[in-house]
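Asker: Chain by chain, the residues:
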Amino acid sequence: MTIELLVPALGESVVEATVAKWMKSSGDNIKVDEPIIELETEKVTLEVPSPVSGVLSEIIANEGDTVEVGALLGKLTEGENITASSNTPNKETSTKTVGEKPEVSSDKKNNDHLSPSVQRLVTENNLDVSKVKPSGKDGRITKGDVLEAIKTGGVSEDLNQESKTDQKISSNQDDFLEERVPMSRLRKVIAKRLKDAQNTAAMLTTFNEVDMSEFMGLRTEYRDNFEKEHKVKLGFMGMFVQATISALKAFPAVNAEINGDDIIYKKYNNIGVAVGTPQGLVVPVIKNAQHLSLPEIEKTIRDFGLRARDGKISMDEMSGGTFTISNGGVYGSLMSTPILNPPQSGILGMHKIQNRPIAVGDKIEIRPMMYLAFSYDHRIIDGREAVSFLVKIKEVIEDPRRLVLGI
Amino acid sequence: MAEFDLTVLGAGPGGYVAAIRAAQLGMKVAVIEKRKTLGGTCLNIGCIPSKALLHTSEKFENVNSGDLSKYGIVLSKPKLNISKLMENKNRIVSDLTKGIEFLFNKNKITTFYGNGKIVTPSEISVSNGNGNKTITSSKIMIATGSLVAPLKNVTIDEKLIVSSTGALDLKKVPNKLIVVGGGYIGLEMGTVWRRLGSQVTVVEYLDRILPGMDSEIAQKFKQILQKQGIDFKLNTGIEDAKTLKNSVQLSATNNLTKERISLEADVVLVSTGRIPHTKNLGLEGLGVKLSDKGQILVNEKFETNVPTIYAIGDAIPGPMLAHKAEEDGVAAVEMMNGVAGHVDYNLVPGIVYTSPEVATLGKTEDDLKQGNIEYSKGVFPFSANSRARAINHTDGLVKILTDKKSDKVIGVHIIGHEAGNLIHEVATTMSFGGSAEDIARTCHGHPTLNEAVKEAALAAGTGAIHI
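Taken in sequence, the protein lines are chains A and B.
So the first sequence is numbered by the numbering used here: it starts at -3 and just counts up by one.
So the second sequence is numbered by the numbering used here: it starts at 5 and just counts up by one.
Hints are computed from structural coordinates only; laboratory data are not their basis.
Since we're looking at a predicted model, the values are computed, not measured.
Watch out, some of these pointers could steer you wrong.
SDA-like, lysine to any residue: derived pairs with alpha carbons at most 25 Å apart [said to hold, decoys possible]:
(1) B:409 with A:115
(2) A:133 with B:447
(3) A:17 with A:53
(4) A:133 with B:379
(5) B:305 with A:21
(6) A:129 with B:410
(7) B:408 with A:121
(8) B:409 with A:131
Chain B with its partners taken away, still in its complex shape (with noise of 0.2 Å):
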């Protein structure tokens, strides 16, 4: 008999998740986490740490680019305190973590601090500083993740060329900051740091920054940011880096002109993506097949190929995002219990949390237009929005595509202040398979930045009101 019904390896927002819910179902749950806090990259690391920068910036930017002179507001130049700065993030992300383990006490879950390795189908050792333990499971979930993606030539000290890890922990705002990836984790760290005072330069290996986003929402975006300040090498990839006593050397190339360039910085952060965290769980002495990235490879019940052995999240195929793993979490542990469940990858929101916001859900127009499928486009300016320009927040817009046959909404992309809030009221139409005009015929207040998604929803039919 297994001390637990279910083990999971990781306590990131998949695995928390999906512990807590296996819980709730009756399953006795045991969690290895590796770090001292749960959490996993999200909390301590990742999405809370950065969005509570931002948040801060935000407000340092707000005072100290004199734009609230505008509004009579007059004062004179802040100072920046970066270690309160820090301290204030740092608190966040503490309450949190402490918040998770409150959880796990509650749906009383086991805990166990150290690293895990799957050393059977139903046995995972922990070890730690003070040795070494195995437990037994009738299930194993494997939650652990994913790291950053390393460059070639470029190696990560933490220190003077950051991952997003220690971007979020500088001692002091770089003069000269390049991001060396135009995704949204790059361009999230980037305008933190801008507005703190850095001088940033995003280099990109593509033609475009966000891949794999709508592109004619990516480029409005791009516009955007360099009219923020915000100065964009495309078509550039880096070929080494080179620290010195305080700043960093890189050599790039243009691959387009061949163009070979040298780029100084204080500090350069690599943010070129995130690979799976599936190294050293003893799954190649199981047996765990893994596609040739990394991922684990699952069935639509996240099992692996060894029966007893699931795996959500990171480590896994489909967009590398906290609540799709989250999702899969949820929807793994349902269906190991009788429940019916199913995660619909289309229907994954993604968002940048930088200002504007940028929210993507469902198909770009490059998409259909790929596919040749016959849609229908709706698209409406916050400029001509009456709370956004009561509240000075005009950049950015709504676009909402439609199936043409049957008004049905396919995708919808958003520039635009809260865009990541405004987006949900699309993904709940979008959930029941509703239409454009479900949208546009459902009373939305007044004056709020949802009617700008309201507006879309009409253009996209019958044509919009307000412009």
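Isolated chain A (complex conformation) (with noise of 0.2 Å):
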């Protein structure tokens, strides 16, 4: 029996989505419930699940194409599955794959053991296995399969091969309209690490403000002092480290890795702190911030602030953090979602601060008000937590003198 697939329903104001990948091809085997189809729509990636089981036995839309919801993807034909061994005699053969080679995708049970010449080349080019398209029996991968998918590129686990398009330089008509330009080396380092982020972590924000003015009132009565005693500007990110610390040692999950099936809590707090630079993002790490001063984190900050314009921070002042605070208040960003710097647990974004009128018991007065992001990896950080950790920030810095008392 012949069953059509077709586009399911996408979600609200959603009526149209992409082919992004058909994970089973024309004349495989399909199991009920499997995923057949990816589809793509502006807010989410789905898996379409086949409604029998029984073989694909035609592919409609192809990859790529824009399809609407209840569009034609493909069509099933229904029956059993082909099973090795059958003990009722006369079984009707309903599917189309008798007597042919069905096609496979790469199977990972029988490419658990690569065959000789496969293993060489493997290793010899740092490739992903599961990356190359098998065309041997039962999906298993041959050396021919190998030699094919390094000649196509796109298979090195080695970030650090430089890319053979690299080099390719656009020389068609469309030069003054377009230009391609090789991504740099630390942006693609960029990159990966971003999508590595958040394949790993189940990363959600939580959100808060904070009411700046008992902050900025302190900053006002003591600047000029500070800045004659410690020869460094009062900022805000001293006393934001400073209240992070406080919130860590409450949270110690925060300050947490979660490496293989364990959790490593660690029991010093390296803060790293995002410095922009016109090549890209860095973040020096504050090294032991929980034993620094206030006015002792305000010169490691400022020291790593000139350096960094320079490119001369270490990589060694780059690692080991176990936190991150970054501030997109300084371009105006008002409210994001930071993204986890891996291996950490926990980013605190700090924001623009802007006067709002706000509540204040039953009045409305103006505040500066500040929002506060804090991403965190769902893994090995509750809800609670999250949200707690926040809080604490976000008392502390509305009462500074919890500070002093450790509260």
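Bring the two chains, given one by one in their own frames, into a single complex with the hints.
Answerer: Here's what the structure looks like:
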């Protein structure tokens, strides 16, 4: 029996999708509920499961096509899967694959053990085996498959290999409309790390707002004195770093890291402070910030800032962080969802301080407000902890006396 | 309700294997066999008796040729008791045919002895000396195999002019044996009788022996056979044969020079091929489609154009080999029962059981040249293999052909001692789509003949070590 595979409802106000990927090929056996095609909408990518067991007999919508809800994607032939042994005679053979070699996608089970030539090539070229298209028996990868994959590229695991397409220079008539620039190594690394962060952590962001008036009052009062005493300006970051540390003390999971099946709780707070440079964002780390006084933190940050602009921050200074603070407010950001800095489990986003009318008791007052964003890895920090962590930071900023009292 | 789910006509390698597999899958199976013993041509008058005679004739030659004196083993000239030789062969055949009977009993397969004829798409009549019987069956499988191809103007009497059947049962060693047809059957039988003392001449119509095999291999093998004392008359066609009291006179024509020649022998073996055995089965009456060569035409499920009738083995197109028939039989029966099946006719090995043996699998170099396919070649002679030297079997070579781009093994051809066994490691590699490098990087025991296969695989890539 032929069953039509249609585009399902995609969610409110979403009327069309793009066919991202067919996960099965024409002629493949499929089980009911097995994902058969991936559709991409502006909001989400979803996998469409097969409504029946049988064979994907016809692909109608191709990868890249735009399809509307209810449109025909392909046709399935319903029927029993081919099984390796059967004790019932005269069983109807109902699938198209009888008598033909069925096409299979790379079967992880059958590629657990690679053939000698494949093993050598994979090792020599540092390849990601899962990216090689197999053509051997039962989805095995053959030497030819690997040679082909190397030729067409895109299977390298080693990021540091210069991509052959780097050097291609656009030389057609559209030069003046477009400009193709190869990604710099730094940008490539950043891009990969950002994707890795997104792909690993269960990342969520919780928000709060902080009334900066108390701290700003403190600052106005003691700014000159501070600068005379410590030879460094009293900024906001020192305060935020200390507020963060007291919150990290109260919620140690935020300062921890998932490593394999373990959680590593760190007894030190290495706070990374994101600094924008012409080359991109760099995050130097204030090591053992829990031992530094506010003036020492301010000095460290100033020093980092100066050297970052000249690109003179060492790898060692940028590694080992346990938590990161990022300030988008200097560029005017009011609210944002910072992305985790792996392998850390949390990041605090600071934003622009803006006078807003807020309710204080029963009255409306104009206060200098900052939205705070805390993005966290939900795998080890639960919602309650995340919210409380951010509330703690808010409370400390709103009443700096808490720092003195250690509450 | 039919008496049987499946009735197989013919208990040769194709038929009996299909029957057993069908029984394993739960079908109620009947087999109709016209001989008094099971096993078909292969067991009774083909593969098995010929291999038995090849083995024992080799033993005779070892002693008779004086070779053993090279090793310091001094013997007097041996005597040959030919009836004992044949007794041994017959006993082996008999044991194996009884073995199939045993397997049929074990799998509860019903055997009918007699000539089967398909009356309707679900009825078969069996007739023997005791009368007639009709059985009903849901499915019918024709596995009737093949017969000796006749040669124009040459009448086979199985005494002086014999087919392979008679050649396996000669009562005495012919002084002069002429083998008409330079294919594997002729060469094997020629070898048997040469070893037992005959002077053997092979007359072949084409300009080469072993038609269809890799031409470089065929040429090298012919030279080896010539060294052994077999005489070859290529490009020669037999016009007619005349039997005298104790000899045969053949008149032949060289088809290049058109010269007429006369040949005489004590015994002439006609081995110019085999033809499908599809007559008198009732097929015409049922409208079963045949090719113009008389082969039954089937689809990829081995179904004929008549829905309940299937056919496999020598009766259908494809290599006329016992193991191919077995694969057909299993695939056909499995597909009847919902199991995916496929026989790759490109991966059916061909083996000649002479000494040295010849074994081939996959594409020949001629195929690749003709198809303009880019290939790499790795060759290794047994003269450079230490085991071959240790056992004085240095004739021959291993030739591996690979796809130039992917290194995938696409053909292998071997002349050598045990070639028929050696080829199977490459068969396994090829069935997985493996590369020559995969063979080269597999540890091979030392000292074995298989190392020659490994070296040939190396030769197809980075280079052999031992030559």
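Asker: All the hints need checking, so say for each whether the structure fits it.
Answerer: Each hint, compared with the structure:
no. : hint             : in the structure
1   : B:409 with A:115 : holds (18 Å)
2   : A:133 with B:447 : holds (22 Å)
3   : A:17 with A:53   : holds (17 Å)
4   : A:133 with B:379 : holds (22 Å)
5   : B:305 with A:21  : holds (23 Å)
6   : A:129 with B:410 : holds (14 Å)
7   : B:408 with A:121 : holds (20 Å)
8   : B:409 with A:131 : holds (14 Å)
When the structure is compared with the earlier hints, no violation turns up for any of them.
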